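Residue numbers (the UniProt record's numbering), protein chains in the order written: chain P, 1 to 404; chain C, 1 to 194.
These aren't lab readings, by the way, just hints derived from the structure by calculation. This structure is a prediction, so every number in the text was calculated from the model and none was measured. Treat each hint with caution, since some may be false.
If you want a taste of the chain P side facing chain C, the calculated C-beta under 10 Å gives, among others [to be verified]:
#1 T43
#2 D46
#3 L392
Positions of the beta carbon are idealized from the N, C-alpha and C atoms, including for glycine.
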Amino acid sequence: MILVRAAFLPLTDSAVLVAAREQGFAAANGIDLELVRTTSWATLRDRLVYGQVQAAQMLAPLAVAVTLGLSQQPAALSAPFKLNGNGNMLVMSGEFAAALEPDLPARLADPLGTSHDFATAIGLFRRKPVIGIVHRFSGHALMLRYWLGSAGIDPDRDVVLRVLPPSLTVEAMRLGEIDGFIAGDPWPAAAIAHGLAEAVAIGARIWQRGVEKVLALRTDWMEANADTVDRLLLALAQAARWCDDPANRGALAALLARPAYVGEPADLIEAGLSGTLLARHGAPAIDEPDFLLFHREATAFPWRSQALWIYSQLVRWRQAEPSAEAEAAAGAVFRPDVYRRALGGSGEPMPGASMKLEGAVAAPTGVGAHRAALTLGPDRFFDGRVFDPECLAEYLAGFGPSAR
Amino acid sequence: MRIVIVDDSGARASVLEEGLREAGYDDIHFVPPRGAFVARIERMAPDVVLMDLGSPSRDTLEEMLLVSRALAKPIAMFVDQSDDSMIGAAIDAGVSAYVVDGLRKDRVKPILELAVRRFTAFSRMQTELDEARTALANRKTIDKAKAILMAQRGLNEPDAYALLRTTAMNQGRRLVDVAEALITASSLLGGGAA
């Protein structure tokens with residue numbers, strides 16, 4: 001058995017790592033997977049960068065940012081496997097949500113209308129709304145910025161974005177320190193269940209196939225331990241398949257509910273796994289089958305175009321200086337080549353390409369794939385924009401100066 | 001040199017502060033990571049910020065260091081990035097440090113070393129305290145189980161203890177677990193002998 005230590009945060013989307021260990025997929029592939037619970041992204045990053053762990057459940061934009069030297073000690077990181085897609089929700093206190101469409105299914109079905117309602121509402125408040133994000137380099141923050149920007153709201157000027165760890169979001173809502181937050185499950189669900197907030201936007205409806213957490217490795221370690229990496233990816237792919245199977249939801253929720261992992265009630269976690277979302281305390285649940293994806297449609301495949309989309313947003317919000325080198329380095333964080341090497345013989349559906357247009361699939365579509373048939377689910381952005389990774393500058397210009 | 005200690009545990013912060021004062025630093029401030037703590041730190045304009053690596057509020061602090069106008073200078077973590085053994089020791093001890101860039105390395109290093117020593121000492125103290133508490137609780141449980149055996153089986157104390165120990169060994173369980181099971185069973189059977 002090869003020892004691999006992996007850091008994670010108590011979130012529902014640590015599921016694939018937890019299942020890989022607890023359901024024996026890691027052991028079956030010769031990996032002794034030790035999971036290290038961590039309470040901040042900064043500490044997870046430091047443990048990975050300074051070699052205390054070999055792997056981490058990392059926010060995809062943080063892996064790009066560390067590689068570009070934007071978050072403390074620079075280090076070349078690689079993401080050969082995505083641990084999930086989607087899973088986020090934006091929630092706000094009743095006071096702020098009151099300015100939005102009161103019909104919840106209608107509100108959540110129309111992110112563009114809701115962002116414009118929110119833009120109008122900002123003028124009515126006597127202060128800037130304070131919205132919690134878990135990290136500036138998170139998929140959540142990028143989606144929130146994208147959503148705000150769609151209504152001409154400048155996220156750096158018109159609202160206050162406050163960084164706080166997911167586990168403290170509910171308490172911050174209770175104390176009135178924030179007016180809302182965007183985070184991964186189960187924290188938005190917990191805030192709603194406590195009657196502190198209601199749903200304003202669902203991640204899966206901002207970008208239907210949003211990038212979330214990745215398996216991040218140090219590139220030098222990954223290259224020096226190819227066999228271990230292959231075994232680990234095989235274990236994770238089997239775990240992801242197990243996590244996505246509706247028959248296993250109860251067991252997975254019970255696993256994650258343990259204090260050593262997420263430590264929140266199993267029914268709350270299971271609701272998120274099945275996409276049965278409570279949007280307001282006491283309201284009927286809303287069904288969002290794409291709320292959280294682990295395995296189907298080759299969710300784990302690290303499309304380079306998705307790393308480049310992250311880079312495009314870092315440039316858009318002036319968090320990264322644009323350059324050809326930075327663009328290449330950002331794109332190279334996602335490693336479809338390693339994914340192919342590790343899982344090529346496993347029967348997993350394998351996309352033939354490494355890049356694609358992001359946001360161009362409107363309905364489930366079969367695509368060129370080796371071995372098994374692969375269907376890609378709809379991946380549109382709510383505003384209908386399409387990201388062509390070959391035309392990054394044009395894409396950015398399309399947002400216009402008014403978006404900033 | 002102004003040092004700010006961000007810590008949830010008042011006890012650990014005191015242990016660290018005491019050490020720093022003994023070493024001749026006297027401009028030390030303690031800020032618990034709650035509420036608007038970053039605004040307080042910002043106003044203090046520290047040269048060094050020491051924080052528990054396990055604190056969930058590290059992301060909040062780092063964001064402040066990135067965007068703060070008061071601390072416009074870049075911030076480097078762990079003083080000297082090339083000093084791997086120092087970094088390893090700091091992470092093992094659970095210390096993270098943020099230092100105003102440009103502060104001379106030889107001025108910061110002793111502070112970090114001291115913090116590492118004090119954090120380590122504190123966690124050792126904590127472990128010893130926990131172990132002592134567990135040992136005491138275990139002894140009480142075992143004494144109670146012995147008393148039950150003495151009352152109900154008419155054994156003397158050494159024999160009662162020997163019986164517990166043999167049972168534990170035969171079942172491959174801990175002595176205290178056997179004792180606990182006995183106490184539970186006895187209370188279920190209404191044996192008020194203990």
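Hint-by-hint comparison with the structure:
Given hint, T43 of chain P at the interface with chain C, holds; its Cβ is 5 Å from that chain's nearest Cβ, closer than 10 Å. Against a cut-off of 10 Å between C-beta atoms, the interface hint on D46 of chain P holds, since the closest Cβ of chain C lies about 7 Å away. With a cut of 10 Å, the hint placing L392 of chain P at the interface with chain C is violated, because the nearest CB-to-CB distance is about 24 Å.
Checked against the numbered hints listed earlier, the structure breaks hint 3 alone; every other hint is satisfied.
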